[in-house]
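Undergrad: Spelled out from the first residue to the last, the chains are:
Protein chains: 4
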Amino acid sequence: MKLKRCRLRDLGISIGKFPTGPKNSITDIAGVKVGHSTIIKGTGKQGTRKGAVRTGVTAILPNSGNEYTQSLKAGGFVLNGAGEVSGLTHIIEWGIIETPILLTNTLSVGSCAESAVKYMVQKYPELGNRHDVVIPIVGECDDSWLNDIAGTHVTYKNVVEAIETANTDLVEEGSVGGGTGMICCDFKAGIGSSSRVVKIGNDSYTVGILVMCNFGEMEDLRLDGYPIGRKLCSKFKEYQRRRENYGSIIAVLGTDAPLTVHQLNRLSKRVGLGIGRVGSYAANGSGEIILSFSTANKIERFGDSVYYSFKALHDRHIDPFYLAAIEATEEAIWNSLTTTDSMHGASEHFVPAVPLDEIKKHEV
Amino acid sequence: MKLKRCRLRDLGISIGKFPTGPKNSITDIAGVKVGHSTIIKGTGKQGTRKGAVRTGVTAILPNSGNEYTQSLKAGGFVLNGAGEVSGLTHIIEWGIIETPILLTNTLSVGSCAESAVKYMVQKYPELGNRHDVVIPIVGECDDSWLNDIAGTHVTYKNVVEAIETANTDLVEEGSVGGGTGMICCDFKAGIGSSSRVVKIGNDSYTVGILVMCNFGEMEDLRLDGYPIGRKLCSKFKEYQRRRENYGSIIAVLGTDAPLTVHQLNRLSKRVGLGIGRVGSYAANGSGEIILSFSTANKIERFGDSVYYSFKALHDRHIDPFYLAAIEATEEAIWNSLTTTDSMHGASEHFVPAVPLDEIKKHEV
Amino acid sequence: MKLKRCRLRDLGISIGKFPTGPKNSITDIAGVKVGHSTIIKGTGKQGTRKGAVRTGVTAILPNSGNEYTQSLKAGGFVLNGAGEVSGLTHIIEWGIIETPILLTNTLSVGSCAESAVKYMVQKYPELGNRHDVVIPIVGECDDSWLNDIAGTHVTYKNVVEAIETANTDLVEEGSVGGGTGMICCDFKAGIGSSSRVVKIGNDSYTVGILVMCNFGEMEDLRLDGYPIGRKLCSKFKEYQRRRENYGSIIAVLGTDAPLTVHQLNRLSKRVGLGIGRVGSYAANGSGEIILSFSTANKIERFGDSVYYSFKALHDRHIDPFYLAAIEATEEAIWNSLTTTDSMHGASEHFVPAVPLDEIKKHEV
Amino acid sequence: MKLKRCRLRDLGISIGKFPTGPKNSITDIAGVKVGHSTIIKGTGKQGTRKGAVRTGVTAILPNSGNEYTQSLKAGGFVLNGAGEVSGLTHIIEWGIIETPILLTNTLSVGSCAESAVKYMVQKYPELGNRHDVVIPIVGECDDSWLNDIAGTHVTYKNVVEAIETANTDLVEEGSVGGGTGMICCDFKAGIGSSSRVVKIGNDSYTVGILVMCNFGEMEDLRLDGYPIGRKLCSKFKEYQRRRENYGSIIAVLGTDAPLTVHQLNRLSKRVGLGIGRVGSYAANGSGEIILSFSTANKIERFGDSVYYSFKALHDRHIDPFYLAAIEATEEAIWNSLTTTDSMHGASEHFVPAVPLDEIKKHEV
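Protein chains in written order, with our numbering: chain P, 1 to 364; chain C, 1 to 364; chain E, 1 to 364; chain A, 1 to 364.
For reference, chain P alone in the conformation it holds in the complex (with noise of 0.2 Å):
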């Protein structure tokens, strides 16, 4: 019998020792919103703007839309840099994130960074009157072997639309928005998420995961430590793979946890021990890059204050983030693979989904 396709805990099945989140989503920490647009026409021959186009946009909305207005503490950390988010040295630098985070496919980053650019110009006449600009946060991972790539699909009209439906419901997850022509270890995968709940002492906290997620080769996954892709490697012999292009995953963690910028710097380590345990070992050709961000705090961005008061996590607690972190991130990459059905796309390419029955079957 063929299960319905569903998220990992769906099957029974869950990782590490946290409770999630209400929604188990990144949409779990109040304030986030999500949203996707996305673009699937065409059979697939082949060529540029003739093929099967299988890509789209996801926005993530950390304060709600108001980025612009009031920034959120931020960080990240590049476990292999073979990949491009726009916006990310900025990030780094000033330790905020001040616009949409959007993730979408590697050749449309140029489109999608000026789509924002023009979004917020309207939403936001200062950003003309005042002489102030902003630098969009666009990540992206390589959709080509099932999306006619070259074709730059991805318009101002889809980069409106995942701005403008996200929402915090539970993330739409699997092969929709940004992540609608990924590919994880050979089979096809997409959008994930995951949330975790960290008491400390009294107070509860959310360390929320978005995943765009495109790396990895069959043999290599792994379901909570189980190799279970050397057992599926069998079962998938004959099955055509992309070769040559390892692909990358795109980390989004957000918590309402009062951590610094450098905390944050810090935790995003942790989404890259999390990736590795699913099986990454970023790749020459991989990007995996990892953004973070922290609700509490929020900084405003026009005023006259000299000062903030800030609140924040001593060092000694922030372990069991670190752990969090680790857990919903492989649970997000999980996400990414049960929700998703099969998919044909360029080139005649086939990407079939992950089984699983045989999922269900390993029980930890």
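No lab work stands behind these hints: they were computed from the structure.
What you are looking at is a predicted structure, and each value in this text was computed from that prediction instead of being measured.
Please note that the accuracy of each hint is not assured.
Some, not all, of what chain A presents toward chain C, calculated at C-beta under 8 Å [what the hints assert, rightly or not]:
1) 227
2) 282
3) 318
We put the CB at the ideal spot given by N, CA and C, even for glycine.
Following the hints, put chains C, E and A in place on chain P, whose structure we already have.
TA: Using the frame of chain P, we list chains C, E and A on its own:
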């Protein structure tokens, strides 16, 4: 008598002890081409899409436009990162440059990146057919004081023009290309270039710098160390300056010396010291980002070879390159100032040219 | 029946897909020597200079002890930096190793560095005569749970012993040298090593790892992904563990593959992923620091040559090294666990050996 | 008439626009203490343990010697890393300073680190009893041109003297402590300090710098930008200079402004710009390493609190601190030059003091 705008050396002033290349320009390095597309229109009352357009794009082709098929070793350094060079993460990770380098205004980075993708897809159909991708390199400074930046006037046409008119002549300097609307230490600036020849044993190598120069405050401006800005302040007391926007500088260093990626990263830091010597303190709002490449030891994109043989300079001989990079950076910045005229722009802003007679008067 | 302490493979368990070198040890790389000096005395009530001494020093000679006259290309990565590798800044800057690598306890870093200076001054009188200097490399983990660390028992004699007894045999593992008093995931650990052979075309290269292993919590321990720590926790419920001291790990990677400094830096990150796979989340208090060197392309200290030619591996062939580094790291950590017996130490602390029958039972 | 050695301002020369603190010294910051132990003996033919000893150790106590129980926020930057600051990795990771900062010669780093451990173990018995550890901070420059460095003459006694005599007076400058045998731009140098007062609204903050100064070549020396080294070169033509040893500089910045770790890291870079302005090109062999700390927002080592609240300066007000740091760095370096006399040392080397009359003549 008003002096005709010219390069710093035409005023009888030279910086440093190394001789320049024949053109005293980054194009002294064999294979390096530079082109501009300049957009000047409107008289500049204000507001988005209504005011003065004073912007453009500059293209640097480090390997004569063959960067995609034959990449160059590259590195970089972020002195202050409140700016953007799209593709920087990739350069740092792989240590190569595989696309042209584009320089433009802050809000046109996306447009230029998208245009570069379209241009390269057309030039290299394998990009679509081989499921290959590239990440364009686009650096920016904020020209919003003079330019209707929110109008995002740089389009595909401009990018193609900059790339296709690129040549090996002395680089056109001042208010051209990406530098059209730029300001340095409250004076009109833009693109500048300079080069130095370093002799190591019997071999001569060239270090060339190109800057898009947009940083600083008048009182901090220095000429070969001499604090000329303090004097100029009294002359320009009435003059209305930009505030809360310190500006930025993107610097590109090229050399034909056989340097490794590791050495190029280190060399990039010295460009930062050169910027500091002209008066930058790398302000909070400044994007002072440096890229470096070597035209020796080219890397073929396609092919099966497992190894390559690399000739490299011993570190014990690298110091002259450090000094040469500092000198050329200082002079490139000054060339961006002395070559351009004053400009009227958006919001009826006016930016004066640096007074050449004052410069000439100063003999170090 | 109690199994005799042995290496992981002697239990029938191997990690990963690459074959090991003949010794499955970092000494499989030609020219790499390792020696230990182990200090065990006292029965361990407590207090400075009164209690149990369970410590020592391990010396790795990457170039057979000729590191000063003939340096090796080197790199590194800090996964979490609550630890110390003296000399790391220099390694990262110059990309070379020019002294032995010493591993010891946290409070003996100074003593070892001083001893290494004295040893080298005696061995190379030119150090004094030529006005030359060196910066010794000394890594540490905190063995204070079992060792009277504040007594600073490691002296010049121990450093010389470790260096002078260094040899190319299979590395002695477990509670020896710098690893004498170390603990991993609440089990007795110490020094471990492993190697992998990577074939690139017709060439074979070795990747070897040596760890001084001192990190983690029992419940997180994993064996080739399998979360064995969760099971072991129930068996060791009563057992008193160290708290507020998560520990650390120093890992040294060597290879004879012709890698550049840039590639060694990148490779070092993958060792971090291997550490993560065994269960580390790189805790706040952990010093997870990785050094890497290549024995190909040696650099002469003295001489006038301006250039050197080196053979380098194309990045497109580097992925197997990434995987091999992860595998060897996991196995080296496990070898540090399975080879050692339980230990009683300072403050009457007891640390059990990992139970081999439980390990053996688990067949992945 | 020969001028008496004095500080730069005593010659009528000041650098920059910010006022100094009352002592124009890092000790203007409340709670910062500095002490020296100076070792001068022997007349200096040559050879290990036979020649001239011209060395010592300088101790900076950022929190009056209470660093262990009450740590300070800290950061750093490596401009060029051919040098050592033991403990730097830890400072960067945790963003705190929890031990005194010691400055000495290259080959005495180990001895100082060991001595600091012994000193702290004695002062804080809990270090042994609580299984706690510390990683001492020891920076170095190479004084081998004048000092019998291979003799490693700095001992426990010297470290204790430097720490215990530390006080809040104007820092003793020139050839004292760690700076005893140091050289800057071929002139005798050593320890220098300077401070600046920055007003933000109604609040005044102090930025203080202390340098151990040992870098550069005469022709590059600059005084407030003015290339005085070029002139001095002709006067000192005959003079035998050190070669193949460019030297180094360790700079320590303190401030009472409420800066975050992230801000302190960024501020540290500007100290590098200040070093560059005096003439450093951060040579290949140079260790130009900067540490920064803030005495605001102290962190208790022991206790159970989960959070701490801190007051932080908005980034938009940080620029004056950048400028002040550059100014103070320049002046601190100059104070290390003008305050000291000439010195004869090892191998019959002679290093002249910078001629004060030439300095005074120059009025910027």
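Undergrad: Now, for every hint given, state plainly whether the structure supports it.
TA: Now the hints, each set against the structure:
Satisfaction of the interface hint for residue 227 of chain A is found here, the shortest Cβ-Cβ separation to chain C being roughly 5 Å, below the 8 Å cut-off. A cut of 8 Å between beta carbons decides the hint on residue 282 of chain A: the least distance to chain C is about 6 Å, and the hint holds. The beta carbon of residue 318 of chain A comes within 5 Å of a beta carbon in chain C, closer than 8 Å, and the hint placing it at the interface holds.
Against the hints set out earlier in the document, no violation occurs for any number.
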